[in-house]
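Single-letter residue listing:
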Amino acid sequence: MISTLAYGLTVGGILYIISIGLSLTFGTMRIVNFAHALVYTLGAYILLTSLQKLGVGFVPAAGIAVLAVIPVSYLIERYVIRRLYGQSVDYAIIATYAVLLIGVDAIKWIWGAIPIPLSDPVGASVLILGVDLPVYRLIIILISLLIFVALEAFFNRTVVGKIIIAGLEDKDAVASLGISVDKYFAVAFTLGSCLAALGGVLYAPITAVNPYMGFQVLLICFAVVVVGGLGSIRGTFVAAFALGMVMSITGRFWGPAADTMVFVVMGLILIFKPIEA
Amino acid sequence: MNLSLTLPEAFVALLRKFDVLVIIALFLLLTLLISMDRTIEFMIFCIFVLAYDVLYGYMGRLSFGHMLYLGTGAYAFALTGELISSNPFLALLVAVASGALLGLILGPIIVRTTGACFALINLAFNQLGFFLALVAFSKWTGGEDGMSVYVDKVWIFDFSRKTTVFCFALLSLIVVIFLMRRLTNSLFGLLLRGIKENETRVQFLGYDTFAVKMVAFIISTSLSAFAGALFILNYSYVTTSFIDPLRSVEVIFASLIGGAGSVYGALAGGVSYKLISNYLPNYVQRWEMFLGVILLLLVFKFRAGVWGYITAWYQRLEATPAGKSGQPPEVGR
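Chains as they are written, first to last, in my numbering: chain A, 23 to 299; chain B, 625 to 957.
If you are wondering where the hints come from, they were derived from the structure by calculation, not from laboratory data. Cβ coordinates follow ideal geometry from the N, Cα and C atoms, glycine included. There may be inaccurate statements among the hints.
Pair ranges (Cβ atoms, derived) [claimed, not checked]:
hint	chain 1	residue 1	chain 2	residue 2	range
1	B	L639	A	S254	50 to 58 Å
2	A	V209	B	F926	30 to 38 Å
3	B	K786	A	K75	47 to 55 Å
4	A	F237	B	S860	28 to 36 Å
The shape of chain B in the complex, shown without the other chains (with noise of 0.2 Å):
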């Protein structure tokens, strides 16, 4: 370690190496801000925008039907632990088996595309799997009024208590960040940007763009469908408003109000659209609009999030004092 860093470079040299516990702790802190109920949403929807970045923010596509395996993930949960057993794990395994199964049916077709292709290929595919939960498949599903779960105690899991839930949605979180972090800063992490800015020079290197495609596509509806496992651990309830084409956009937005392409864009922009959805109506009456001109701006005027605007600010406060002129703001990794 440089031995002449300034007291802010050393703070946030501090910060990046204990950021598992900053992030614990500043989740605990939110559940002090709002309630404990809210911040377990709020988790467990930052798992679910991490799992999106992996498509958008990494490998550059925009899917416009992530809800698919999300629903999957949710249904696939409560329908374990209706007809198999009600062992919560065995249920949140099945739930991410078939997340994957999915995407190893429907990657072959869907990653082939690019641009408005994938994001329309995806809603249809959503449109389909809501079709399928609502109308055909109702009598398991229970259609438009949903069916509840109900899940064992096991050892000391006991899910009905929410601090449980709490504890258990954490410490997925953890884990995920840190198996996301690990993925992004291997060699496959740098074939997915390489594909995102030019896939054609990726092949000529010799790498098999369509089998890293593949992977990343499995990985990100697998941990779609662990979040929403995750959610029907909290609610205990599952509805097809789980698997609906329209909430689609909701992680969208919320991986652009972060900063895509990095760990800490995903929780930042997870945990604003969240506040923002969740409290806003209280204030704003007009609060739909009031989130489209936001994502006006964002789009126009603040295209890196709000974490590639923490890190272009950081990297201006560093640079600063060896004369140099700010920097263009960057997505920060």
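Same shape as in the complex, but just chain A (with noise of 0.2 Å):
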């Protein structure tokens, strides 16, 4: 039970972590953004080149791979993302597709197809109530309150957070102001990215690191984003754990159904509280 619950707790943690950046685009541009999967699972491989071509340790290997990734990010935004402001869902998704299908074969270019496993960085693991519980699991779901804390900080008490926030709610009265309104989402979007690759990051030691693992787990991501409310921060944090729950809940029941369940979860909510976009 108590294993159960630490394993929800890090998928939660995970899923809230890559989620934030989807649900940022989707508030902000109205964009369903399938090349966040790349991003994601861009991180996990710049962590394995760092951790095996420069010798560094797992903390500056993860420092490195969320870096790396802002500039790639920054060009996604810059000449897809953005050339879709305005426009039809439909090619927003179909033009992000895209970049996922080239980006993906980009890595199946450099890094090769098989997988790669990653051992526990931490390795250790502690007793918690007659539970043997590893450490990193720990960890991250440490780090993924810590990540909402500075977020709910971030969007509360700077600036550049609240005008992200007013810019959720009505774009057009934040640019009546004077505000640049695309540069500010340019920056949540980059702020996303690299959440979405230390994600990749985290779960890359639970997981094997493989060119299709962002396929999966942005579907879920999605999911997260639809339960939570498209665009609301909090809420995303809310349906990231209760989604990691149920996922956890139902694989010690029935371990192929952990996916599926979440989708379910989903179609309910959809069903009660359609969406308009």
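Build the complex: two chains, separate frames, hints provided.
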């Protein structure tokens, strides 16, 4: 029971970290961003290379991975996302999916298609209420909570964060104040991408690193964003942990159904509360 | 008919009049250029693209989980063949009926939504269907291993021979094209396009848009199921790849390449996509990257697709003698 709970919180934490970016892009630009999965996968691969080639520890390697996706996300934002602003959702879906295809193929080109396992960077485990829990999982839960607190502060205390939140509510009104909203949306996009890369980095030791790792996670993150309410930062937090728990509890009773249960929940939410988008 | 037609105009008028014959001729030509097996696959895929286009091209709703409806038809066909009767026509009928039934059940939930929500809710249901086929009902569907299907010979239809399958698929495609053209040129087709442009205004005119959307959705799901059943008739084998949500993008790409919202566009898109995905990997190792670049170009530069540009080019050709300047590309009807 304790281990199910801990697993749910771990998955929830990672889902939260990845979903923030998706939620921001959907909230600000009404774009379903498939390219998010690319940044996530790229983060995991750069971590891998930093560990193997540079021989640095896990924490510096994670830092390199998170920073390395900034130029990539800038290119995606500048040349794909920004050109799609205000256009039909369909084209945004297709274009960002095309970016994902190109990126995943590039990853296969550089790193190969074979999944690469990664060992637990901490390796220790602690005994909590008679259950052995890996310390690494607890660290993930802690990091996700820290990120939640930091983002709350960012969006409520800083000017940049407040502009982004205001832009989520009413873009035109913010623009009429003489603020170049697109620039701030670009900041939000990059922030979201860095967090996605961090999600990839944190999840890499739990699963094996492979070029298609982004696809499945992305679908689940969409479910998180939909359940949490599009563009709602706190809603995403609650939904991520709720769905993480749904996954771990379902997985405990019937392993293969874990992912599907998330979509069932999303379907139910959409039936009773359809989004206008 | 106008008597003062120029030669290219007369030629195009002739093509329009006998378009079904032209389509048959082009597919026969395709069997010579590539193999008959591949052509059968292309034609069935074209039926799927046409079914998809009812929602995407005409009604303006992008579904990201249309493999669910294809897969429903595929599994309904296979299971009927396995459990009830090995008459291929009964199995086809059951497949189409189950596609329609699924549309009837899911429709009230799905068609109320628009945009990203429509795309994602289809995806969610597709994921559910994939799970049912792969894990929950694996006792009957064979799970990941799939199952073989054998059908009886009925009258002159011996589906173990590829020629018969080819003729039947071609006949089905022609019937579907005919139906689609009747449908899209009717008031119903006009209402669909109206809903794409502005649903509220269609409601203002006194039409029940929910009913229109439901009918369009059910037509799309049953036709997709029909295409799925035909695929199984051709392969005599069904696996979960026929209901895999990750493959849903194929039909979107095909629709976009060809040009959405036109019967010929769907055909051009279906054949082009299949050509790309079948032959490009032989020449270009990084074909997914190539496909991605093509898609980006389509979205940013050539939004009207292959057929849209052919139409636009022809319109320019028509307009030039009269001294008009070239018109912006418009999606062909």
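| said: Holds or violated: the 50 to 58 Å window for the beta-carbon distance between L639/B and S254/A? | reply: Because 54 Å falls inside the window, the suggested range holds.
| request: Using the Cβ atoms, figure out if K786/B sits within 47 to 55 Å of K75/A. | output: Taking Cβ atoms as reference, K786/B and K75/A lie about 53 Å apart, which means the hint holds.
| said: Please check whether F237/A and S860/B have a Cβ separation lying inside 28 to 36 Å. | reply: Between F237/A and S860/B, where Cβ atoms are some 30 Å apart, the hint holds.
| query | Can the suggested window of 30 to 38 Å be confirmed for the beta-carbon pair V209/A and F926/B? | reply | holds, 32 Å
Taken one by one, the earlier hints all hold for this structure without exception.
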